[in-house]
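Enquirer: In case you want the letters, here they are:
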Amino acid sequence: MSYFRAENLSLHFGGLKAVDSVSFAVEKGEILSIIGPNGAGKSSIFNLISRIYPPTSGKIFFEDQDITEQPAYDIAGLGIARTFQNIELFENATMLSNLLVGRHRHSTTQLWQELLFLPSVRAGEKVHRRRVEQVIEFLDLEAYRDKLISGLPYGVRKVIELARALCSEPKLILLDEPSSGLNVEETEDMSFWIRDMKSELGITVLMVEHDMTLVNRVSDRVIALNYGRVLAMGSPSEVQRHPDVVAAYLGA
Amino acid sequence: MRFLFKTDYEDDIRLFPHSGYVFSYGILIAFLLIAPFVLSSYLVSQLVFVCIYATVGVGLMILTGFTGQASLGHAAFLAIGAYTAAYLQQYDVPFPVYFLAGGLLTGVVGALVGFPALRLTGIYLVIATISFAFIVEEVLARWESVTHGNEGMRVKTLSLFGVAVPRDGPTFYYLCLAVLVLTIVGTLNLLRSPTGRAFVAIRDSETAARSMGVNVSLYKVKSFAISAAITGLAGVLFAHKLSFISPEMFTLQLSIEFIIVILIGGTFSLHGAVLGAIFLVMIDPFLTYLKDDLPGIIAGIAAAFGADSVTAGKVHSNVAAIASANGLKGAIYGVIIVLFVLFEPLGLYGRWLKIKLFFQLFPLYKRATFKRQKIYVKSERNR
Numbered sequence: 206m207s208y209f210r211a212e213n214l215s216l217h218f219g220g221l222k223a224v225d226s227v228s229f230a231v232e233k234g235e236i237l238s239i240i241g242p243n244g245a246g247k248s249s250i251f252n253l254i255s256r257i258y259p260p261t262s263g264k265i266f267f268e269d270q271d272i273t274e275q276p277a278y279d280i281a282g283l284g285i286a287r288t289f290q291n292i293e294l295f296e297n298a299t300m301l302s303n304l305l306v307g308r309h310r311h312s313t314t315q316l317w318q319e320l321l322f323l324p325s326v327r328a329g330e331k332v333h334r335r336r337v338e339q340v341i342e343f344l345d346l347e348a349y350r351d352k353l354i355s356g357l358p359y360g361v362r363k364v365i366e367l368a369r370a371l372c373s374e375p376k377l378i379l380l381d382e383p384s385s386g387l388n389v390e391e392t393e394d395m396s397f398w399i400r401d402m403k404s405e406l407g408i409t410v411l412m413v414e415h416d417m418t419l420v421n422r423v424s425d426r427v428i429a430l431n432y433g434r435v436l437a438m439g440s441p442s443e444v445q446r447h448p449d450v451v452a453a454y455l456g457a
Numbered sequence: 003m004r005f006l007f008k009t010d011y012e013d014d015i016r017l018f019p020h021s022g023y024v025f026s027y028g029i030l031i032a033f034l035l036i037a038p039f040v041l042s043s044y045l046v047s048q049l050v051f052v053c054i055y056a057t058v059g060v061g062l063m064i065l066t067g068f069t070g071q072a073s074l075g076h077a078a079f080l081a082i083g084a085y086t087a088a089y090l091q092q093y094d095v096p097f098p099v100y101f102l103a104g105g106l107l108t109g110v111v112g113a114l115v116g117f118p119a120l121r122l123t124g125i126y127l128v129i130a131t132i133s134f135a136f137i138v139e140e141v142l143a144r145w146e147s148v149t150h151g152n153e154g155m156r157v158k159t160l161s162l163f164g165v166a167v168p169r170d171g172p173t174f175y176y177l178c179l180a181v182l183v184l185t186i187v188g189t190l191n192l193l194r195s196p197t198g199r200a201f202v203a204i205r206d207s208e209t210a211a212r213s214m215g216v217n218v219s220l221y222k223v224k225s226f227a228i229s230a231a232i233t234g235l236a237g238v239l240f241a242h243k244l245s246f247i248s249p250e251m252f253t254l255q256l257s258i259e260f261i262i263v264i265l266i267g268g269t270f271s272l273h274g275a276v277l278g279a280i281f282l283v284m285i286d287p288f289l290t291y292l293k294d295d296l297p298g299i300i301a302g303i304a305a306a307f308g309a310d311s312v313t314a315g316k317v318h319s320n321v322a323a324i325a326s327a328n329g330l331k332g333a334i335y336g337v338i339i340v341l342f343v344l345f346e347p348l349g350l351y352g353r354w355l356k357i358k359l360f361f362q363l364f365p366l367y368k369r370a371t372f373k374r375q376k377i378y379v380k381s382e383r384n385r
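Line by line, the protein sequences are chains A and B. Residue numbers for the first sequence follow this note's numbering, so the first one is 206 and each next one is one higher. Residue numbers for the second sequence follow this note's numbering, so the first one is 3 and each next one is one higher.
These are calculated hints, taken from the structure and not from any lab test. Be a bit skeptical, because a hint or two may be false.
Using 25 Å as the maximum straight-line C-alpha spacing, the simulated DSS-like pairs for lysine-lysine come out as follows [stated by the list, open to error]:
(1) A:Lys352 x B:Lys293
(2) A:Lys352 x B:Lys376
(3) B:Lys356 x A:Lys352
(4) B:Lys331 x B:Lys356
(5) B:Lys373 x A:Lys352
(6) B:Lys8 x B:Lys376
(7) B:Lys8 x A:Lys331
(8) A:Lys352 x B:Lys331
(9) B:Lys368 x B:Lys358
(10) B:Lys358 x B:Lys331
(11) B:Lys8 x A:Lys352
With these hints in hand, go ahead and build the complete structure from the sequences.
Expert: Put into structure tokens, the structure is as follows:
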């Protein structure tokens, strides 16, 4: 049985088939990239997994559990974290509180305990803070702890979003175009971090990406989509040589 | 300028970042404690209103400032707290019990209001909360067996553990101050724990909050309930302070005053709630001054510039007519809100932070220090 599995997943907006019976599986500990032209349905698949849209049909399984009907906020609780294509950070908060929100699924304290800030809350806060600090170190974000997000440059925000996802200690992480808007060096850093996430933190990665250099460098397998359908699946070089993929990109 | 070297996670958790804060807040508290013995009874009475308005301000700040849900219905929550007190008092229920009951009942009502709010945002939520306030006002006027309708209800003198606490005595002031301080401390505790961060997350991006595991609906309802409960507690004190309550005291005007408290104080901080309350309560004596003294002063200036006694008399009566015109208060509120939104969106507290920074950086302060932030806030407003 696969670690994560989508079965005949479909998302239709009226007559538009954004995702059209897509099936794929992710094995534990691999990096799987989804590529495809604009409007191919890549981000829609992510939004289906994180339950922003309910699927028209099909099922999603994670660790052999059907998560198709889970409410959106439960998905993070199961250990699936995500980043967004157009950064969705908490703009008017500091980086630290952004990252601490990532720890939300691990918080166990009750409202009345928090109002009194009982020792249990304090102890919990310290644990959260320690985990956040590990992520800050992992992603070299030490300089920004008390900075407001609204004052930070795009490239840093992109990394902070990744950091927030990592703070929830996910088993599976969904990266929606991790390199968009980053320069060459930042993209290179990103590719190291993605591989480190796999090798050091043991996180399974599912990512949507346009930058083929990054895809080739980190991916174990690649899925190519077009018009909501799977064109090809396999190793990065196989997929790039596949005649349907070449046709989709070059219009031949 | 002071540099903080953080060596422990505790440094980020504690309420006072360094000893300077302990010192200045200590002085503030000491002043507030001796206030009834040095200030005139009128000013102490105004301070009681500051405490009550600030408590409501803190409650509204949790909902609007930190969770991002607007509400123009807080006068109704205040009314529910006040009427609970007045009603239970008839049956000789002791103060601590009906004080907590007022908060609890208002909290439950707040949670119920929170449910429709789950599907509404922005202006629609404002309209929904206004309608709720109208419903409550109407219920208070019609449900005569409980509320005595438009006749209103007398509120007896507060009695705490068998001791009478008159509404203009120092003990009542201390009680209001204690409620305010406890509310602020509780709110600060909330803000440094997961619930408070979830509120802020919902304010800034619901999608991201949800994908981080925050149950957005649950936390919105929680925020409504907490905010309403705090307002209900303030309502109990409000009823005692006024000693008589009737439905027409809890109108839309009062809700707008609460919005002014947090808007002028500064929407993202608890300091703002207190500063805004001080501003709002102190504007009344200012208007009285305007009515009484301003015509004489202006006529005096006119006379000094060579106007004869007839012209000076005319100036006097004209200025007096303007200063005592109906609706002047509303007009001044309106102008103040517009000016603050345009020029200081972060309110009095934002201004105070800038003044503080000026002195910390003195001679190195640059005029452009806050330019970027200001442009950002402006662009957000136009969104």
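Enquirer: Determine for every hint whether it applies to the structure shown.
Expert: Verification of the hints:
no.	hint	result
1	A:Lys352 x B:Lys293	violated (47 Å)
2	A:Lys352 x B:Lys376	holds (16 Å)
3	B:Lys356 x A:Lys352	holds (17 Å)
4	B:Lys331 x B:Lys356	violated (29 Å)
5	B:Lys373 x A:Lys352	holds (17 Å)
6	B:Lys8 x B:Lys376	violated (29 Å)
7	B:Lys8 x A:Lys331	holds (14 Å)
8	A:Lys352 x B:Lys331	violated (40 Å)
9	B:Lys368 x B:Lys358	holds (13 Å)
10	B:Lys358 x B:Lys331	violated (31 Å)
11	B:Lys8 x A:Lys352	holds (15 Å)
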